[in-house]
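A.B. asks: Given chain A, put chain B in place with the hints provided.
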Amino acid sequence: MIKLYDYELSGNCYKLRLLMNMLGVDYEAVPVDFYPGREHKSDWFLKINPLGQLPVLVDDGVVLRDAQAILVYLAAKYDPSGNWYPVDDPAKLGDISQWLAFADGITSTASAARLHEGLFYDFDIDACRAGAHRLFRILDEHLWFAEKQDRDWICPGAHPTIADIACFPYVILSEEGGISRQDYPAIRRWCDRVKRIQGFIVMSGVFPAGPAGGRLNALSAA
Amino acid sequence: MTGCTDPTILNLWFAIGAEQETTPCIVSDTVLLEEDLSFTLDRVGQPLVWRRDARWPAGSVIDTSDVSVTLPVKQAYGYIWTCLGQPSADIFPIEEYDEPDRRNLNAASIGVNVSGPRAIENFLDMGHFPYVHTDILGVQPHTEVKEYDVEISESRDEIVATRCRFFQPMASTASTGGADVEYVYRVPHPYCSVLYKSSGQNPQRMDVIALFLQPVNQERVRAHMLLSMLDEANDERVMRRFQQTIFGQDKPILENQYPKKLPLDPRAETPIRADKSAVAYRRWLSSKGVTYGVIPAAN
Numbered sequence: 214m215i216k217l218y219d220y221e222l223s224g225n226c227y228k229l230r231l232l233m234n235m236l237g238v239d240y241e242a243v244p245v246d247f248y249p250g251r252e253h254k255s256d257w258f259l260k261i262n263p264l265g266q267l268p269v270l271v272d273d274g275v276v277l278r279d280a281q282a283i284l285v286y287l288a289a290k291y292d293p294s295g296n297w298y299p300v301d302d303p304a305k306l307g308d309i310s311q312w313l314a315f316a317d318g319i320t321s322t323a324s325a326a327r328l329h330e331g332l333f334y335d336f337d338i339d340a341c342r343a344g345a346h347r348l349f350r351i352l353d354e355h356l357w358f359a360e361k362q363d364r365d366w367i368c369p370g371a372h373p374t375i376a377d378i379a380c381f382p383y384v385i386l387s388e389e390g391g392i393s394r395q396d397y398p399a400i401r402r403w404c405d406r407v408k409r410i411q412g413f414i415v416m417s418g419v420f421p422a423g424p425a426g427g428r429l430n431a432l433s434a435a
Numbered sequence: 039m040t041g042c043t044d045p046t047i048l049n050l051w052f053a054i055g056a057e058q059e060t061t062p063c064i065v066s067d068t069v070l071l072e073e074d075l076s077f078t079l080d081r082v083g084q085p086l087v088w089r090r091d092a093r094w095p096a097g098s099v100i101d102t103s104d105v106s107v108t109l110p111v112k113q114a115y116g117y118i119w120t121c122l123g124q125p126s127a128d129i130f131p132i133e134e135y136d137e138p139d140r141r142n143l144n145a146a147s148i149g150v151n152v153s154g155p156r157a158i159e160n161f162l163d164m165g166h167f168p169y170v171h172t173d174i175l176g177v178q179p180h181t182e183v184k185e186y187d188v189e190i191s192e193s194r195d196e197i198v199a200t201r202c203r204f205f206q207p208m209a210s211t212a213s214t215g216g217a218d219v220e221y222v223y224r225v226p227h228p229y230c231s232v233l234y235k236s237s238g239q240n241p242q243r244m245d246v247i248a249l250f251l252q253p254v255n256q257e258r259v260r261a262h263m264l265l266s267m268l269d270e271a272n273d274e275r276v277m278r279r280f281q282q283t284i285f286g287q288d289k290p291i292l293e294n295q296y297p298k299k300l301p302l303d304p305r306a307e308t309p310i311r312a313d314k315s316a317v318a319y320r321r322w323l324s325s326k327g328v329t330y331g332v333i334p335a336a337n
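First to last, the sequence lines map onto chains A and B.
Letter by letter, the first sequence follows residues 214 to 435 of the numbering used here.
Letter by letter, the second sequence follows residues 39 to 337 of the numbering used here.
Chain A on its own, in the form it takes in the complex:
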């Protein structure tokens, strides 16, 4: 059985819980006391990931760290449809990879702001917020133009990809870092669409989609 070293309040861990639930993949969560226990910096955990970061996934003897890397692995291995990560489409893989890197940028800005506010991390909060707004503006424009072409997702195609899963958690949790999404209507409509993907689950701080809305509302609002 797949083992996920997991912390409930981590958006990076949530990416993997989310994709595994959407793919219908069973896994065992191994809780790590990230806060206040700092167990991700403990000797036993550093042997698993010398970077001292969550999440880590273990499957069939493969040990992987880094949420984006693990999304690639899970989709390539457990999604026979190839929709989430089309391994035989080089252009699309390149496109997805650039958004996976973009997701890392969201982590180092929006997620850092959230850690500062909630768990007292010593970061430059103004720089974190400014950085997040810069990325959100880019993502909002990208999604707005996508909607004009009748596209729902970050990368072209009828089906969401792991780029959507990688970017979603720290966007939807951004208000905990004091980063409002008020000025990003296309991002807000995209978040609503992500919440309506079959198999979507929440984490603490994320609420399910309301009963109405979705693509129809998105179109009329756009």
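For the record, the hints were derived by calculation from the structure and aren't laboratory data.
Computed from a predicted structure; not experimentally measured.
Treat the hints with care, since some could be wrong.
What the hints assert, rightly or not - If you anchor each label on the Cβ, the simulated ranges turn out as follows: (1) 276(A) - 189(B): 55 to 61 Å; (2) 185(B) - 420(A): 28 to 34 Å; (3) 101(B) - 243(A): 38 to 44 Å; (4) 393(A) - 80(B): 42 to 48 Å; (5) 405(A) - 181(B): 20 to 26 Å; (6) 101(B) - 394(A): 45 to 51 Å; (7) 394(A) - 191(B): 40 to 46 Å; (8) 80(B) - 351(A): 47 to 53 Å; (9) 420(A) - 241(B): 28 to 34 Å; (10) 354(A) - 83(B): 54 to 60 Å; (11) 294(A) - 243(B): 48 to 54 Å; (12) 92(B) - 255(A): 45 to 51 Å; (13) 275(A) - 126(B): 55 to 61 Å.
Beta carbons: idealized from backbone N, C-alpha and C, even for Gly.
C.D. replies: Frame of chain A, contents of chain B only:
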């Protein structure tokens, strides 16, 4: 924002950090009532708290005997407490904490952008369980808050809500399924609340979860959570995860309250029957003349 001038609040004890998270002789910084403070434990584990001093920055190693001017300090329930004014003799009692078979632990200290009184009021509210803590502390259609009793204990000067019952699918880590769970709430301090709920392991006894709020300013708190549980089966990280999951669900609700300070005017927000304990809490704060973290009622 100006500092706190509310004498009732200034004279209270406040938890500012968990002993277990404090490294002896290493300086930690925090903020209480807009005052910059530092604290640590000495070599034998005695806490000391002082107003921040450039000589001893956060993270530095300190010889605690160098700090000559310190604030009042107490150790209670695994936390370091201090007071900026004239403190009362004692911190309110939680007798269960000393029972030998209890698992006492600091679940977490989490920053929340809301006033302390708003956070206490949410802690007292059962009505949100099925909607915010879905499938854990509540589930639809079991949404009714049944009649319960609230009184202000004259002898202890605290609010007590009893006969609270709620159907919970997974009341704690020791639960094996859904059950009607009994709750007792105490508010023994304007910024602290203690809840008792039927234990999943032993329904004759109660688990204790306490919330000690440290007001950073009028619209931001550090929420310290104490667990005193009857749970032999689960290790600390599992109990912590449960409590943090619950609190993480409350956090966006708290942070979206408007106004962030709690209005004490009875006409400001319309209560329903289920808000009986909140009504008593607001009246109690008014009767104490509390002004910090609230919008006092106009006379």
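A.B. asks: All the hints need checking, so say for each whether the structure fits it.
C.D. replies: Now the hints, each set against the structure:
no.	hint	result
1	276(A) - 189(B): 55 to 61 Å	holds (57 Å)
2	185(B) - 420(A): 28 to 34 Å	holds (30 Å)
3	101(B) - 243(A): 38 to 44 Å	holds (41 Å)
4	393(A) - 80(B): 42 to 48 Å	holds (44 Å)
5	405(A) - 181(B): 20 to 26 Å	holds (25 Å)
6	101(B) - 394(A): 45 to 51 Å	holds (49 Å)
7	394(A) - 191(B): 40 to 46 Å	holds (45 Å)
8	80(B) - 351(A): 47 to 53 Å	holds (51 Å)
9	420(A) - 241(B): 28 to 34 Å	holds (32 Å)
10	354(A) - 83(B): 54 to 60 Å	holds (56 Å)
11	294(A) - 243(B): 48 to 54 Å	holds (52 Å)
12	92(B) - 255(A): 45 to 51 Å	violated (33 Å)
13	275(A) - 126(B): 55 to 61 Å	holds (59 Å)
Hint compliance for this structure: hint 12 is the single one not met.
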